Amino acid sequence: MRNILAIAKVVLVEMYRRKEFYVLFILTVVICLIMGSINIFNDKQVIRYLKELCLLLIWVSSLIIAITMTARQIPAEREQRTLLPLLAKPLSRTQLILGKFLGCWLVCGMCLICFYLFFGALAASREHEWPLMHYLQAAFLHWMALGVVVAMSLLGSLVFAAPSSNSTICFSICAAIMCLGRYLDEIALSLHEPGRSLVYGIYYAIPHLEIPFAMRNLIIHDWPLIEWKFVWLAAFYLVGYMAVFLAAACLVFRRKTVN
Amino acid sequence: MITGRTYGLLLAAFFVLCFGLAADLQPQFQAIENARKQSDNFFILLLGDSSRIFANNFFTKADAYYHSGYYPTIFDNNEAFRTAHMAEDTGAVASHNEGEETSFMGPPRDWLDAFGRHFIPNRHTHLDEGGPTDDLSKSSQVAEILPWLELSSKLDPEDIRTYLVMAYWLRNSLNKVSEAERVLREGLRNNPGNPQLLYELGRIDNENYNNPAQARTIWEAALRTWEGEEPNIPLADRLKLSNENFDNRFIYEQLETHLAQLEEKAGNNAAAIADLQQAELASPKPEDIQSQIDELRQKMNKP
Chain V
1 MRNILAIAKV VLVEMYRRKE FYVLFILTVV ICLIMGSINI FNDKQVIRYL KELCLLLIWV
61 SSLIIAITMT ARQIPAEREQ RTLLPLLAKP LSRTQLILGK FLGCWLVCGM CLICFYLFFG
121 ALAASREHEW PLMHYLQAAF LHWMALGVVV AMSLLGSLVF AAPSSNSTIC FSICAAIMCL
181 GRYLDEIALS LHEPGRSLVY GIYYAIPHLE IPFAMRNLII HDWPLIEWKF VWLAAFYLVG
241 YMAVFLAAAC LVFRRKTVN
Chain R
260 MITGRTYGLL LAAFFVLCFG LAADLQPQFQ AIENARKQSD NFFILLLGDS SRIFANNFFT
320 KADAYYHSGY YPTIFDNNEA FRTAHMAEDT GAVASHNEGE ETSFMGPPRD WLDAFGRHFI
380 PNRHTHLDEG GPTDDLSKSS QVAEILPWLE LSSKLDPEDI RTYLVMAYWL RNSLNKVSEA
440 ERVLREGLRN NPGNPQLLYE LGRIDNENYN NPAQARTIWE AALRTWEGEE PNIPLADRLK
500 LSNENFDNRF IYEQLETHLA QLEEKAGNNA AAIADLQQAE LASPKPEDIQ SQIDELRQKM
560 NKP
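Going down the list, the sequences are from chains V and R.
Throughout the first sequence, residue numbering follows this note's numbering, covering 1 to 259 in sequence.
Throughout the second sequence, residue numbering follows this note's numbering, covering 260 to 562 in sequence.
These are computed hints drawn from the structure, not numbers from a lab.
Computed from a predicted structure; not experimentally measured.
Careful, some of the hints might be misleading.
[To be verified] Straight-line alpha carbon distances no greater than 25 Å define the calculated SDA-like cross-link-like pairs of lysine to any residue that follow: (1) R:K320 to R:S309; (2) R:K320 to V:N42; (3) R:K397 to V:Y135; (4) R:K413 to V:G36; (5) V:K44 to R:S309; (6) R:K435 to V:S125; (7) V:K44 to R:L410; (8) R:K435 to V:A248; (9) R:K397 to V:S125.
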């Protein structure tokens with residue numbers, strides 16, 4: 001565990017030095033403040049359009065950070081020739097993968113804290129209330145979904161040749177799941193065999209990232225709190241996919257030549 | 260054999276043709292250029308005619324906000340949402356909605372679908388009725404639809420339903436009469452003389468500013484433009500009872516009914532009856548108007 005934490009700490013320190021988060025955060029803040037300055041019929045209470053925009057920017061920014069950061073972890077170690085010395089230490093390949101995953105996931109969590117604090121402040125500036133538990137649920141499931149994305153990117157970084165191709169493929173998969181994931185079963189029903197079974201297979205196989213993504217609407221439109229048992233179930237569901245992707249990554253990395 | 264002189268003459272003919280064509284086309288191009296320069300609408304300059312597609316999209320977005328996010332996508336059954344409910348509730352547009360609006364999702368298709376429904380808006384509500392909390396004190400939240408409607412009107416300034424919906428909610432739910440008037444005047448700047456916009460403007464003068472004289476002038480102007488829109492079609496044809504003809508009948512009936520009310524208030528019962536008789540031609544329930552006419556006649560006959 002100590003080795004895993006040490007690797008995760010290195011990833012965290014690396015993220016402090018990189019500019020992606022600062023750029024994306026400032027961009028989100030600037031866009032939201034500009035949009036917030038628009039006068040809507042002298043009504044200071046109108047906020048939902050701003051909440052929607054802010055949450056969308058948060059999701060896009062967090063995906064960019066998660067995918068690009070994770071996709072370059074292993075290839076960068078290989079390029080800088082630090083992978084072999086690292087593995088020469090009392091550190092197994094599985095520990096390296098888990099350390100990288102934990103580091104990237106923690107970085108995502110820290111970024112989300114900043115983003116959601118800003119979102120809460122923005123919403124409170126007009127709504128004059130602070131539905132903390134709602135934000136906590138949204139941020140928690142968002143972080144869980146990013147865990148799946150990080151694990152998937154990590155697996156991709158071992159399978160695909162370059163970080164750029166891995167990032168592109170991961171972005172495409174995430175976008176496709178978020179846009180279409182919920183409707184794949186409906187699409188399957190309209191198809192003939194074997195297309196129907198194939199699409200159904202994909203529907204049940206993919207991690208349904210659209211569940212936490214669609215939760216934005218509950219936050220935007222002030223719906224009541226989701227029952228915690230469903231939140232925990234969603235979290236377990238996403239943790240299951242994290243475990244599957246990480247296990248696959250460990251298997252691939254174990255068989256991969258590193259020199 | 261073609262001589263050099265022939266070539267010269269042909270060249271001269273081409274030159275004259277080109278000059279003539281340029282002289283003919285240049286003013287037309289100049290007019291287009293000037294129209295573009297004069298247009299102060301950034302979105303239309305940027306997107307051209309495609310801005311209407313975006314405008315419609317934002318209009319639908321506003322209706323999704325009216326339902327607090329509970330709204331069908333292209334994959335769902337949207338028979339009950341063909342006409343935006345926020346527009347339908349104003350009473351100013353024809354409804355094409357069928358089916359059950361509360362259950363467009365249908366029963367869950369599988370366990371994943373059933374589970375996913377806990378994380379999305381899953382109940383039919385309207386913002387003016389309190390939204391998801393059902394708290395009527397929060398009915399002013401209907402203002403949340405306004406940013407999208409404003410954007411929609413900027414993208415398609417010729418779509419009058421956007422102005423009508425904005426003005427209705429501003430006036431009725433948010434008590435922002437001057438803003439509603441500003442919206443209608445902007446609509447009239449983009450759609451000069453539109454009878455529906457004039458009718459709403461007249462209502463503001465009559466009901467909010469208590470200025471019946473001004474309202475009468477506006478409604479009479481609206482009637483004139485309504486009649487002038489299709490001068491060659493007989494009145495009976497324009498007021499034929501059909502769903503496609505709803506806008507024509509609705510606006511004519513409303514204008515005549517409201518003018519009749521003004522006449523009745525002013526004590527001109529004969530003029531009121533004449534207006535009601537015109538309204539009767541357009542009404543889907545002429546018997547109701549006939550009973551009003553009978554009441555007025557009784558009033559007139561009393562010593």
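So, going through the hints one by one against the coordinates:
Proximity of K320 (chain R) to S309 (chain R) is assessed by CA-CA distance (about 17 Å); at most 25 Å being required, the pair is judged to hold. Distance check on the hinted pair: K320 (chain R) and N42 (chain V) sit about 21 Å apart at the alpha-carbon level, within 25 Å; holds. With a C-alpha separation of about 21 Å, the suggested pair K397 (chain R) and Y135 (chain V) falls inside the 25 Å cut-off, and the hint holds. Proposed proximity of K413 (chain R) and G36 (chain V) is supported: the alpha carbons are some 18 Å apart, at most 25 Å.
Proposed proximity of K44 (chain V) and S309 (chain R) is contradicted: the alpha carbons are some 32 Å apart, above 25 Å. Only pairs whose Cα atoms come within 25 Å are accepted, and K435 (chain R) paired with S125 (chain V) is accepted, the gap being roughly 22 Å. At most 25 Å may separate the alpha-carbon atoms for a hinted pair to count; K44 (chain V) and L410 (chain R) meet this at roughly 17 Å. As the CA atoms of K435 (chain R) and A248 (chain V) are separated by approximately 60 Å, the hinted pair breaks the 25 Å bound.
Between K397 (chain R) and S125 (chain V), the direct Cα distance comes to roughly 18 Å. Compliance with the 25 Å bound is thereby established for this hinted pair.
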